[in-house]
Each structure stands twice: as C-alpha cells, then as structure tokens.
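Asks: With the hints as a guide, bring both chains together as one complex.
The chain contents come next:
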Amino acid sequence: MRIPILWLACSAIALSLQRVEVLVRDSAGAPVPGARVVVEPLHRTVVADAQGWAVVSSLPAGRYWLRVHAVGFVPAEVAFTLRRDTVLTVVLAQRVVPLLGVAVEAQRPELPEVSASPLLVLTPRELDRHRGQSLGEVLRELPGMGVITTGPGIAKPSLRGLTGERLPLLNDRLPLYGQTWGAEHAPELDPLMVESVEVMRGTAAVRYGTEALAGVVRLVPALPGSRPGIHGQVRLEGFSANRQGAVSVRVDAVQGPWAGQVLLSARRAADVMTPQYGLANTAYEQYMGTALLRSLFGQTMLRGRLQLYRGRLGVFAGMHLGNLTDLERALQSPRPLIQRPVGYEIRPPYQDVWHVVSELELQRALGEGQASLILGWQQNRRREYDAHRFWSDSLRAALSGRAAYDVTLTSWSLRAEVEQPIFGGRFHAVADARRQGSVSEGLERFVPNFRSYAFGSGLWQQWFWQQWQASVGFRGDWLELAVWRSVAGVWTRSQRRWVSAAVAALLGYVERPWELRASIASGWRAPTAVELFANGVHHGAAIFEVGDSTLAAERVWTGELSASYHTVPWHLEASAFVHYFPRFLAHLPTGQPVLTIRGAFPVFRYQGVPALLAGVEFRSEGELLEWLRGELTATVLWGRELSQRQPLYGIPPPRLRLRMHAHLSSFGPFRLPYAELTMTAVGKGSRAPLDYAPPPAGYAVWDAALGAEFPLGHGSIGISAEVRNLFNRAYRDYNSRLRYFADEPGRDLIVRLRWEW
Amino acid sequence: MRYRMHLQGLAVTSAVLLLVGCEKDPAHLHEGHPQELITTVLVHVWNEPDSTHVHRFAFRDLDGPGGNPPRVDTIHFHGHDTLWRLRLDFLNEAVSPPDTITKEIRNEATTHQVFYDVQPQNLFTVERLDKDANGLPLGLEARVRLQHSHREARGSLRIRLMHYHHEGEKTTQPGGETDVDVTFPVHILPD
Numbered sequence: 028m029r030i031p032i033l034w035l036a037c038s039a040i041a042l043s044l045q046r047v048e049v050l051v052r053d054s055a056g057a058p059v060p061g062a063r064v065v066v067e068p069l070h071r072t073v074v075a076d077a078q079g080w081a082v083v084s085s086l087p088a089g090r091y092w093l094r095v096h097a098v099g100f101v102p103a104e105v106a107f108t109l110r111r112d113t114v115l116t117v118v119l120a121q122r123v124v125p126l127l128g129v130a131v132e133a134q135r136p137e138l139p140e141v142s143a144s145p146l147l148v149l150t151p152r153e154l155d156r157h158r159g160q161s162l163g164e165v166l167r168e169l170p171g172m173g174v175i176t177t178g179p180g181i182a183k184p185s186l187r188g189l190t191g192e193r194l195p196l197l198n199d200r201l202p203l204y205g206q207t208w209g210a211e212h213a214p215e216l217d218p219l220m221v222e223s224v225e226v227m228r229g230t231a232a233v234r235y236g237t238e239a240l241a242g243v244v245r246l247v248p249a250l251p252g253s254r255p256g257i258h259g260q261v262r263l264e265g266f267s268a269n270r271q272g273a274v275s276v277r278v279d280a281v282q283g284p285w286a287g288q289v290l291l292s293a294r295r296a297a298d299v300m301t302p303q304y305g306l307a308n309t310a311y312e313q314y315m316g317t318a319l320l321r322s323l324f325g326q327t328m329l330r331g332r333l334q335l336y337r338g339r340l341g342v343f344a345g346m347h348l349g350n351l352t353d354l355e356r357a358l359q360s361p362r363p364l365i366q367r368p369v370g371y372e373i374r375p376p377y378q379d380v381w382h383v384v385s386e387l388e389l390q391r392a393l394g395e396g397q398a399s400l401i402l403g404w405q406q407n408r409r410r411e412y413d414a415h416r417f418w419s420d421s422l423r424a425a426l427s428g429r430a431a432y433d434v435t436l437t438s439w440s441l442r443a444e445v446e447q448p449i450f451g452g453r454f455h456a457v458a459d460a461r462r463q464g465s466v467s468e469g470l471e472r473f474v475p476n477f478r479s480y481a482f483g484s485g486l487w488q489q490w491f492w493q494q495w496q497a498s499v500g501f502r503g504d505w506l507e508l509a510v511w512r513s514v515a516g517v518w519t520r521s522q523r524r525w526v527s528a529a530v531a532a533l534l535g536y537v538e539r540p541w542e543l544r545a546s547i548a549s550g551w552r553a554p555t556a557v558e559l560f561a562n563g564v565h566h567g568a569a570i571f572e573v574g575d576s577t578l579a580a581e582r583v584w585t586g587e588l589s590a591s592y593h594t595v596p597w598h599l600e601a602s603a604f605v606h607y608f609p610r611f612l613a614h615l616p617t618g619q620p621v622l623t624i625r626g627a628f629p630v631f632r633y634q635g636v637p638a639l640l641a642g643v644e645f646r647s648e649g650e651l652l653e654w655l656r657g658e659l660t661a662t663v664l665w666g667r668e669l670s671q672r673q674p675l676y677g678i679p680p681p682r683l684r685l686r687m688h689a690h691l692s693s694f695g696p697f698r699l700p701y702a703e704l705t706m707t708a709v710g711k712g713s714r715a716p717l718d719y720a721p722p723p724a725g726y727a728v729w730d731a732a733l734g735a736e737f738p739l740g741h742g743s744i745g746i747s748a749e750v751r752n753l754f755n756r757a758y759r760d761y762n763s764r765l766r767y768f769a770d771e772p773g774r775d776l777i778v779r780l781r782w783e784w
Numbered sequence: 619m620r621y622r623m624h625l626q627g628l629a630v631t632s633a634v635l636l637l638v639g640c641e642k643d644p645a646h647l648h649e650g651h652p653q654e655l656i657t658t659v660l661v662h663v664w665n666e667p668d669s670t671h672v673h674r675f676a677f678r679d680l681d682g683p684g685g686n687p688p689r690v691d692t693i694h695f696h697g698h699d700t701l702w703r704l705r706l707d708f709l710n711e712a713v714s715p716p717d718t719i720t721k722e723i724r725n726e727a728t729t730h731q732v733f734y735d736v737q738p739q740n741l742f743t744v745e746r747l748d749k750d751a752n753g754l755p756l757g758l759e760a761r762v763r764l765q766h767s768h769r770e771a772r773g774s775l776r777i778r779l780m781h782y783h784h785e786g787e788k789t790t791q792p793g794g795e796t797d798v799d800v801t802f803p804v805h806i807l808p809d
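For the record, the sequence lines run as chains A and B.
Add 27 to a position in the first sequence, counting from 1, and you land on the number used in this note's numbering.
Add 618 to a position in the second sequence, counting from 1, and you land on the number used in this note's numbering.
Extracted from the complex, chain B is given alone in its bound form (with noise of 0.2 Å):
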C-alpha cells in the first residue's frame, strides 16, 4: 500500500515537473531576429544636363511604426532650370551595414509600380521614366518639369511604392499592397 502510494506521489511529481519544463520563462529575453523593414527612402535629384551635382534628400524612421517620429527632408529645387531628374532608393538601416532594398524591387518590377502625386497639382509634373518587362512604369527613375520657375513656390510630393499580389494584376492605377506611402515637403526657390 505504501510503495503504491509512493508510486503514485512519484506519478504526480513528475507530471508536475513536465509541465513546468514546458513553460517558457518571460522574463527571459527571448532574441528577436532582425527587423525586415523599410526605414529609409533616398531621393536624389539632380539638374538634368548636369549629373555632377546631386542632391539627396531622406524620409528616415529608423525605429519603425511608433517610437520617434520620422526624419523628413524638404526637397528643394532651384527655379533657374526647370528640368530635374530624379532617381528613388530604398533602405533598410535599421541593419549594419544597411540593406539596399531598390535592387529586389528593381528584380521584381513587374509586380511594383511607384506612384507621384503633387501638391498643388500644377507646381510640377512628374514623368516616370523606366518601365518593366511588360513596358508597364516602375517609377524608380523620373524626370520633373517645373511649372513656375520665375517665383517662389512651396507644396508636397507624395511617394507611393505599390506591390501587385501577381504579375497580372499590374495596370497604370494603384493596386495590391502599399509597401511605401510618403510626402515631402517641397520648396522651390525662385530664379
């Protein structure tokens, strides 16, 4: 009767004893693995006939959603020429070193699409240059025309980065996914 009950305390022990070991302890710092985000997007402008001299201008939000605010430059273009070029690039530097994102979604293009919106409309326009296999916009690379180059100008340029579920589901108009949604500030200075 005694070793029965002793087999049984055992039984309960050990029950016990298996199901703790089961628990994960939260006061632990179970390691995260690393942020696969897009924390950075560069827009390099220069003037069209001349490429020596080029301006970059960043939407930075290093930590992610929430945290410190986003970083966000005024993107400034000087009225004496009205041809700009402009060229798009994505990062992740939430990393060391940073992550070049413009490569995977130059690879992937036709399932991405870039979008310009301006504000007011007629401050500029927004030509997107290079396409995809399909001759569909990718809209890495763009050309801006400046409407008013004679007078001190001020406005935003909002940058979409949709990605389309499937190749075919690509057309001309915004669709899938937003992976990217930003506006900057844009002044132009006056001739």
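For reference, chain A alone in the conformation it holds in the complex (with noise of 0.2 Å):
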C-alpha cells in the first residue's frame, strides 16, 4: 500500500509545551505554501506560510489528527498525541498519484474544555486579514461574540450579551485583571499584540474561576518559535477614516534553551469620520511593549514577561452631558450637539490609562501529563478626565490638572495546574489565589477603595469509551472584600465574604464527521466593589448610580446543546444554550429620580433580579470549488429580567455575516493571493425599561478585501487593503454608546503590511 503521508519527525522541541508546528511538503520536498491544516476536533485552521509551514500554538495536551488539503494535492490526514511542543512533516502527493490509503490513526479525539460548545480560534491568518482599530473588533468575527463600543478605539468584548466581570479576558494565560466596571473601559491591549485569539463559550467557571460566567475569551501573544537564530517582524497598517497609522515591531532570538522575545507597538487616530460629519475627540494614541525571556531546563519551562500598555483615548465630546435635559436635547438633534474640525488633539473629556503586566510562568511535563504555575503581577491605573470647568480662580490653579476619576488597581495572582492521565482518562486540577487592592485619589471617588482576597480550586476528569467521552468537574471559592469608604465624613471600613462552588458535566458523542455534545453547568460570583457601594452621577449615560451594599452573590445555570459536521470540504457547528440566573445582578430603574442642584437624575439601584438568556449560534465553511470558499455565521440572542418579565439591556440583535473567499496558491510572483467580500447584516435590538431612545433600525454593511504575499530574501512580505463600510452607508449599531448622539464610522480603507523574515 502506497503511504502518501510521511509523519517523519514527532521530536520535541519543548520550548513551549503545547505548541505543534506543521512542515508540509511535496514529493519532491518542496514546501507547499498555501496548504490548509485543520487540527480536528479543535477545527482550528492554519495556512502553511511561503516556506510551508504551519504553526499551531497554545494546544492542550491531547490527542489530535490533522486534515491537511492543498489546491492540486491529494487531501491527507494524520492522527497524533501532543505532549509538548511537536514538529510534523507531511507530505502530499500531487492529485495526479492516485490515493491508495491514507495512513490515519484511528484515535479518539480528546475534549480541551468543559463546555459543550466547541472552541472558537481566529488564527494569526485570520486574525492578520481582519485586525481592525481595536482589539474587540475583530472578535465580531465569531459566533457570539460582540462588542461594546464608545468610538473607534474603545472596544470592551462581550460574548452571548454577557461582559465585564462576567466574561474574564485571559492575557496568554494570565487573566487581564483591568477595571471592568465600565462599559467604555476596554481591554488594556494593542490589536498588534495579539496574535490569535480563542473563545471557550458556555460557563467556565469550573476551570476558569467565579467570573468565567459567560466563557473565557484567550488573546494569545506572538511567542518566540522554535527554530534556533535572530527572527524578526514588522507590521504597519494605515486607517483612511480616522487617518491612523500604526506600526509594530518584534524581534525573537533563539539559542539552544533559551529564547527571547522583544515586542513594541504604536499607533496614532484622529477623530474620526462618518458618512455625514466628524466625531469630535474621538482622538487616540496607544503605546505598548513587551519584553519575554524563556528558557528550558530539560522538562522544564521557565518564561518571564513584562508588559507595559498606555493609552490615551479621547471620549467623545457629544457624550459629556451635565443633565437629563441636556440628554434629551442631544437625542433629539439629528447631529451630535458639539462638532469641530478633526484633528489630532484629545482634549477633555478623555481616558489615561496604564497597565503593566509582570509575569513568571514554570511548565513542567509530568510523564503523559503536564503541570504549571503562573505568578502575576499587574497594575492598572485609569485617570478619566472630565470636560469640567473651574469657576474659582484659586481651585482652577491648583486643580486643573486632576483627574475626575483616578483609580489605580493593583493585582497578585498565582494559578497551579495539574494535568495527568488518570482514573481511565485524563484528570485535571487547578488552584487559584488572587489578591486586589483599588484606590482612588481623584476629585470624585465613585469607586470605593477596597482590597480582596480569593482562593479557588478545581478539579475535573475527562473520560473517552468508544464513541463516547464525558466530562465532570467541581470547584470550590472563597472571597473576602474590604471596603474602605468616607460615610458622612468619617473614614469606615465595611467587609464581606463569600463562598460558594460551581460544577459542571459534559457528555459527547463522536461519529466522524459527526460530533454531538451536551453540557450543563453553574457558576457564580461575588458583587463588585461598585454594585455594593457606587453612589454618584455617572456623566456619561445622565443617570444616578446606587448600589446596594446587601447584594448576595450572582448564580447562573447553564444547559448547552452543540452539533458539529467536519469534513475536508465542509465544516458545519451549531449551539444552543440558556443560561438561566436565580439572581441576575443588574442595575435598574427605580423610578424615584435624586434631585441634584444640576436637577433631576433617574436612579438606577444596583439589583439582584431573576433573568433568562437564551441564544444559538452557527457557522459554516465550505470549499464550494478549489479557489472558492464560503463561509456563513449567524448569531440570534434573546434575553429577558423575569421579575418585571421586561427585554435585558444591551443583548446584542441577531447577526448574520456572510463572506466568499477566492484564493490561489500563487500568481505570478505573488504567493497566496486572496480576495474576498464580506456582507454583515444586524437585525434591531430590543428596547429595554431603562433604554432612552427606541433601539436603532437593523443595517447591512459590505466589506471587500484583497491580498497576497511574496518572498523577500529568507522571509516574506505580506500586504492587504480592506475597505470597510464599502458603500459609506450612515448607520447606528445597538451595542454603540454613541448610537444615541451620531452614527458609526464611513468607509474605511485599510492597508496592512507585514514584513518576516
């Protein structure tokens, strides 16, 4: 029998544990750019580089099998288990070599998560083909994820209409510990930084701790390769709407054990542009860089990591609004109130931001396992300056510097996790200690000081018989929270505490190509400083905040039903889910307005009421004919407060996007040359209580991309233009918080370029 796959190498490299790089080739042993590796069940794909290889980091530890497929090759496929860090080689054979058999292990594939939907990965291609202005942008792409925006540069992500404290971000694999109490606070990170990003959806809390209620969403940094000298990267793109330019630079050096990684970012926005007028202070600029040592001890891995974020991010002045009345009146103009010519400047009211991240990562391969420590240190300090005026000469001079808001927030955290193949499967345990201390010193203190402690630790096994696989877990946490506030004047501390578990089972059903999966878990979480003790006006939305300093814990329960069809052409996943809360922390109406010498403010309480979320989502991809592939995804979200049986605020409208995607493996001295066009439609939004104007009218926008690579030396260039908004349709979005005083950004021409070497 005629093998037309070699698996020549599986040699551990083992610099970074979970990490399998792809060398495809073809008879003769020329690379074969272009080829698609799909590593099953995760479906992650990959597109083998100029050189061609393809590199699939941050894998658990698992059984897997590779589908790899390439325009005039025959498609071939290969099964193996992944320990640590694994090279591969396969070789194809040219479609005209008949296919005598195909050397596939037959082995079971292996669950990474806990939840019954499967993992959703934007890999680096995908990612580079689509990075927009912000982080959160891109993550649109996928099925349930949405995004929160206040103008181009504040994007906070939010998956199945859940976000903030409900939905941890992970930095590689420390969790971003920023201040998400707002919804114009985003993620402290550049889009440049980030090299893929993976979504575990459904309730993680089991493995991820008391937040992880809505998933867990990873943004996976470039890390050093394996392959031993001095690599190199430079990145620029130019943004037409808001006349933007951004540039990264990374540099990776790898010598025997050790490894080396320095990474820097910048990039620059005006204000930006919509179809009709210019958002005034839409301005930004962000900074950011990274320094990664890494070394290798046998078994080993030691990784330390600094990083430093600083942005500067205009609010825009539309926004800034000294009472309802002021609010009304914006409404009701069909322009925003302030407009001025755009430019450059970020003037008040704006965000200054620092965030610095310090990390110490051990792994270590235990037999067929692995265990790992992180130990995290990071601070975030946001100064948020009003567009507040001084009327006294004296406090003008001493104050008009200060921020509003200036609340530093200091984060210690350390996550041990062990994972063996035990008890008939594989066993996994994972202990978490956290410890957060918030001051403010700015002229208003709506968030109170406070510092807390939390313990957590879970365990879960995963079992494979036959066809079926199955997965059980539980968790215990504990929290305490001290809070130091200023009542009538007097310094007083206040404390609470909680402890409470969180469980979850899985049960999957694998017939290859069919997959069937159905989980059910709960979680929780504590009540934030902020819905336990705010109690002040919050400028931006014209409201008055109060919180409620008795407010137990939030629970949630949550049932998932996913089913999933891959083959070489096709890829089909739908899931359904209902998250089901006893008691939904939200903040509600109360109909007493508090009367302020600004006059009358609504107030809203900070409330535990009962509330339902139910949605499903799908996606699809399909090689319709070798140059052609279609993709579809489609996301439908419903949500509703069952006390007052009233629509939840902010549940993101029903999504659809459809994309055809023509692509050659080269063309004339070009590699990989790709166009494509996107159409995204967004249905209208449902009105909840405490929403001030009807949901804006659902739209449809086109997007049309095109690009290609070519080889430079020993690396490559890669370079891409993407219009966004291509018929500059004006429009407002439901999950914009400018949707209420202007309309999203016009046509965008981007233009990204990549250089490798």
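Possibly wrong hints are sitting among the right ones.
If you want a taste of the chain A side facing chain B, the calculated C-beta under 7 Å gives, among others [claimed, not checked]:
no.: 1; residue: G349
no.: 2; residue: N350
no.: 3; residue: R462
no.: 4; residue: Q463
no.: 5; residue: G464
no.: 6; residue: N476
no.: 7; residue: F477
no.: 8; residue: V564
no.: 9; residue: H565
no.: 10; residue: R625
Hints listed in this document are in silico derivations from the structure and should not be mistaken for laboratory results.
Cβ coordinates follow ideal geometry from the N, Cα and C atoms, glycine included.
Replies: This is the structure we're talking about:
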C-alpha cells in the first residue's frame, strides 16, 4: 500500500509545551505554501506560509488529527498525540498520483474544555486579514461574540450578551485585571500584540474561576518559535477613516535552551469621520511594549514576561452631559451637538490608562501529563478627565490638572494547574489565589477603596469510551472583600465574605464526521465594589447610580447543546444555550429621581433579579470550488429579566455574516493571493425599560479585501487592503454607546503590510 | 552553585519587594481635593420701586448629589405690587469661607445664559435685564411682572444656567451644557 503521507518527525522541541509546527511538502521535497492545515476536533485552521510552515500554538495536551489539503494535492489526514512542542512533516501527494491509502491513526479526539460549544479560534492569518482598530472589533468575526464600543478606539468584548466581570480575558494564560466596571473601559492591549484569539463559550467557572460565567476569551500573543536564530517581524497599518497609523516591531532570538523576545507597538489616530460628519474628540493614541525571556531545563520551561501599556483615549465630546435635559436635547438632534474640525488633539473628556503586567510562568512535563505555575502582578491606573471647568481662579490653579477619576487597581495572582492521565481518563486540578487592592485619588470617588482576597480550587475528569466522552468537574471558591469609604465625613471600613461552588458536566458522542455534545454547568460571582457601594452621577449616561451593600452573589445555571459536522470541504457547527440566573445583578431604574443642583437624575439601583438568556449560534464553512470558499456565521440572542418580564438591556441584536473568499496558491510573483467580499447584516435590538431611545434600525454593511504575499530573501512580505463599510452607509449600532448621539464610522480603507524574516 | 542560588533568591525577593512597594494602601485615606461645586442658588427679590427690603430664597445642596436632599425655599411675592426685581447668586458653600461663583459667570458672560421658566405660564413673566458684550441676554438680573395680583396663586419657577462651549455657540436658545437646573415653588400672596 502506497502511503502518501510520511510522518517523518515528532520530536520534542519543548520550548512552549503546547505548540505544533507542521511542515507541508510535496513528494519532491518542495514546500507547499497555502496548504490548509486543520487541527481536529478543535477545527483550528492554519494556512502554510511561503516556506510550507503552519504553526498552531496554544494546544492543550491530548490526541488530535490533522487534515491537510491544498490545491492540486490529495487531501491527507494524520493523527498524533501532543504532549509537548512538536514538529510534524506532512508530505502531500500530487493529485495525479492515485490515492491508495491514507495513514490514519483511529484515535479518539480529546475535548480540551468542559463546555459543549466548540472552541472558537481566530488564527493568526484570519486575525491578520481582519485586524481592526481595536481588539474587540475583530472578535465580532466569531459567532456569539459582540463588542460594546465607545468610538473607534474603545471596544469592550462581550460574549452571548455578557461582558465585564462575567467574561474574563486571558492575556495568554494570565487573566487581564483591568477595571472592567465601566462600559467604556476597553481591554488594555493593542491589537497588534495579539496573534490569535481563542473563545471558550459557556460557563467555565470550574476551570477559570468565579467570573467565567459567559465563557473565556484568550488573547494569545506572538511567542518565540522553536527555530534557532534571530527572527523578526514589522507590521505597518493605516486607516483612512481617522487618519490612523500603527506600527509594531518584533524581534525573536532563539539560541539553545534560551529564547527572548522584544515587541513594541504604537498607534495614533485622529477624530473619526462618519459618512456625514466628524466625531469630535475621538482621537486616541496607544503604546505598548513586551519583553519576554524563556528558558528550558530538561522537561521544565521557565518564562518571564513584562508588559507595559499606555493609552490616551478621547471620549466623544457629544456624550458629555450636564443633566437629563441635555440628554433629551442631544437625542432630538439629528447631528451631534458638538462639532469641530477633525484633528489629532485629545481634549477632556479623555481616559489616560496605564497597565503593567509582570508574569513568571513555570511549566513541567510530568510523564503523559504536565504541570504549570503562573505568578502574575498587574497594576492598572485609570485616570478619566472630565470636561469640567473650574469656577474659581484659586481652584483652577490648584486642580486643573487633576483627573475626575483616578483609580489604581493592583492585582497579585497565582495559578497552579496539573493534568494527568489517571482514573481511566484525564484528570485536571487547578488552584487559584488572588489579592487585589484598589485606591481612588481623583476629584470624585465613584469607586470606593477596597482590598480583596480570593482562593479557589477546581477538579475535573475526562473519560473516553468508544465513541462516547464525558467530563465532570467541581470547584469551590472563597472571597473576602474589605471596603474603605467616607461615610458622612468619617473614614469607614466594611467587610463582606462569600463562599460558594461551581459544577460542570459534559457528555459527547463522536461518529465522524459528526460530533454531538451536551453540557450543564453552574457558576457564581460575588458582587463588585461598584455594585455594592456606587453612589454618584454617571455623567456619560446622565443617571445616578446607587449600589446595594447587602447584595448576595450572582448565580447562573447553563445548559448547552452542540452539533458539528466536519469533512475536508465542509464544516458546520451549531450551538444552542440557555443561561438561567436565579439572581442576576443589574442596575435597574427605581422610578424615583434624585434632585441635584443640576436637575433631576433618574436613579438606577443595583439589584439581584431572576433573568433568562438564551441563544443559537451557527457557523459553516465550505469549499465551493478549489479556489472559492464560502463562510456563514449567525447569532441570535434573547434575554429577559423575569421579575418584571422585560427585555434585558444591551443584548446584541441578531447578526449574520456571509463571506466569499477566493484564493490561489500563487499568481505570478505573489503567493497566496486572495480576495473576499463580506456582508454583515444586523437586526433591530430589543428596547429595554431603562433605555432612553428606541433601538436603531437594522443595517447591512459590505466589506471587501484583497491581499497576497511574496518572498523576500529568507522571509516574506504580506500586503493587504480592506475597505470597510464599502458603500459609506450611515447607520447606528445597537451596542455602540454613541448610538444616541451619532452614526458609526463611514468608509474606512485599511492598508496592512507585514514583513517577516 | 550556592552563590548562584543565593543571587537568584535575592533577585526574586528584590523584585517582589519592588512590586509591593508600588502598591498603594486602600486602608489609608488618600486626601481628596476640595470639591468644586455649585451648592447654592440664592434668589434675591425686592419690590422694584423699593430696594430697601430684599428677600433671599435659597436652593441649597451642601453635600452635593446624593446624600441629604436639597433644601428648597418657596419664593413669596406679595400681590400688592406687580413689579418685582430679581438677582441671582451662585455659591459654593462646601468650602470655608463660601466661594462666590457669580463673578466668574459675569466675567464669562458671552458663554453663559440664565433661562427662566414659569409654571403655570400665566402666573408671571420674567424679563432678563442684563446682557453680554454681544448684546445677548445674560439673565443674572431680571424683572418679574405678576399677572394676577388680586388673588392667591401657586406655581413654580425653573432657573437654568447654561454654559456654551464657545462664544459663537451662544444664541437666545438653550445650548451647550447645563450647569444649574433648579426649580423653586412660588407662592403669590393676595393683595
């Protein structure tokens, strides 16, 4: 039997323990650029570069199979077990060679997670092609994902309508501890620092702790590869809608057991243009730097990382409101009340955010399993400058440089994780400890000072039996919160403590190409200091927010079903979920206004109410022709607050994306040229009782893109151009905080250049 | 080897201490800054022909938004006279001594304007008397003309101080941002 695939090497390079590098060659030994390598059952797709390399990073240890196909070659499949960094060489047979057999190890796939919905992945190449101005923007590519925007530079990810303290963001493996309490608080990461994205949908509290109620978003940075030598990458990006320029430089050095990396990025943007007018004070600038050092001692990997972020982000001037009357006046105006010539100047109101990450990670292979330890220290300082004028000369002289809000959040975290093949399956154990302190020093104290300690431990076990797979997990958490605030002029300390548990169970059946899964899980989270003790005017929303210091913890029960169908040309995935919250912490209108010297403000009080959130997500991808691929993703969500039987605020409207992607392996000097056309249709959202204005109408926008690569010396250059909102349509988005005042950005020509060596 | 381990331990300890040193203590009160507020609106009222008897009515919210509710006086007019004068003062009484803000408003008259709204509308009229350098109303001083002096009546007077973002934005209409928006109950005593 002729075997068209040779599994030549499976050698442990073991610099990052969960990475596989696949070299795709033809029978003559020449690389096959453009070959699609799909890692199943995760359905992670990577396209081989000009040298035939396809790198898949951040894979959990386990059994997988690769499906490799390329134009003019016979598709191939190969199974492998991943325990540590692995290099595979796959040799594809020319299509003229008759296919007599394929080397396939009939291995059971291993689920990496404890949720029924398949893991969603944005590969580096997909991210490269659709990377936007902000990190959240590109996440909209994925079913279930959404983003709450406050202008072009501020985008906060949401998953299944939940965000903030219900959706942890992992900066590689370390949770990103920013100040998530504000809708206009975006993750402190530049999109150019992220190489790929993984989204785990469904309650993942057993694995990731109390806040992972909606799921987990993991932002995977570019890490040094395994090939010795010095490698680098330069990226340049330009955006026409706000005359933005962005640059990043990355240098990797690998020598023996040592590897290092330096990564710097910067971007600067002017006020953004909508089809009819500019949005005053939406200019912003972001700077970021990362230094990483990695070392390998036998089966042990040690990694240290230091990351700095600084962002100065203008807040749309038309959002600054004195009182409810001003808001009503702004709502009735067809154009923003404040307009001025677009420029790069950032004036109050704006945010000035610093974030420092210091991380030490230890990983060690333990036979068939592995163990890891991650120690993190993070400090987030957020200063928000109000468009505030000082009445008296003496105060103007003393305070004009002071921020309205100046809050510093410092977080220590320690996470230990062990994975071992025991009890007839795979056993996982995780222990987390966290200490946080928050200090407020601004002119206003919306967030009280606090210190919290959290400890938690989770265990889960996976079993595989013929076509069946099952997983059961349990976790316990303990959290203590001490709060300091001024009560009637007296500095007062109060304390709260919570103890609770999370559970998860999963059942799956795999009969290739079909996979069916069902899961049930429960998680909880403690109320935040803001939900407990907020007391003040939120100027951006013209509301008076009041916390409730007696709030009990939030609890969710989640049920999920998913079905997947994977063949070489077709991939279909459908997921359905229900989140039932016996107690959902939301700020709801009390109906009683508070009287201030600026007028009456509606009062919103944080309350625990029962709520139901349900949805369906669908994703399909099909190779219609050898050179043409069609993609369709759709998300429908539904959320209700059950005590008053009213829609939940902010649930994203139905969304559908259709994309046609044409590609070749080469065209003249160009490698992997592609062109694509994308249509995104968004329905009308539901009007929640606390909303000021009816939800905007649904809309459809078109995007177009093309790009290619060409070799340059030992490296390659990739260039692409994309036009978003191709027809310059004026529309408003339900999940944009600007929708009350202004349209979304107009036509945006984006040019990207990437040089790797 | 032992020397190297000690060196590594020292480096780790130093790093930990350095990071701890960067942390601020939440238990410590980080002194706030004096609040820059308008806490009080004073309405001075006198009979137009006789300015010797000036009545003062106040809207006071000394602890700012939230906390204790504001104290609001009822403005009384005696129906024996139909013409009254009115003058406004804006104060910050949260600091000692109280800070007068009216002077700043007058200095920045081209970006400020006071609006008066009477409910019911036929209770009395308000005519703004002072103007800015461009001839547009400022409204810190006004004349009140009672419509029905012969019988008792009740209503309200809403006073709004608007701040325009720049001089060119100011018209005779409300615009910019609301700095003050207070409503006084009004009682007209019968003649």
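Asks: Against each hint, give a clear statement of whether it holds in the structure.
Replies: Hints, one by one, checked against the model:
1. G349: Holds, because the Cβ-Cβ distance from G349 of chain A to chain B comes to roughly 3 Å (cut-off 7 Å).
2. N350: holds, 5 Å
3. R462: For R462 of chain A, the interface hint is violated, since the closest Cβ of chain B sits about 10 Å away, which is over 7 Å.
4. Q463: violated, 9 Å
5. G464: holds, 5 Å
6. N476: holds, 4 Å
7. F477: This interface hint holds because 6 Å falls under the 7 Å limit.
8. V564: holds, 5 Å
9. H565: H565 of chain A check fails; min Cβ-Cβ to chain B is 11 Å, beyond 7 Å.
10. R625: With a minimum Cβ separation of about 6 Å from chain B (threshold 7 Å), the hint on R625 of chain A holds.
Against the hints set out earlier in the document, violations occur for numbers 3, 4 and 9.
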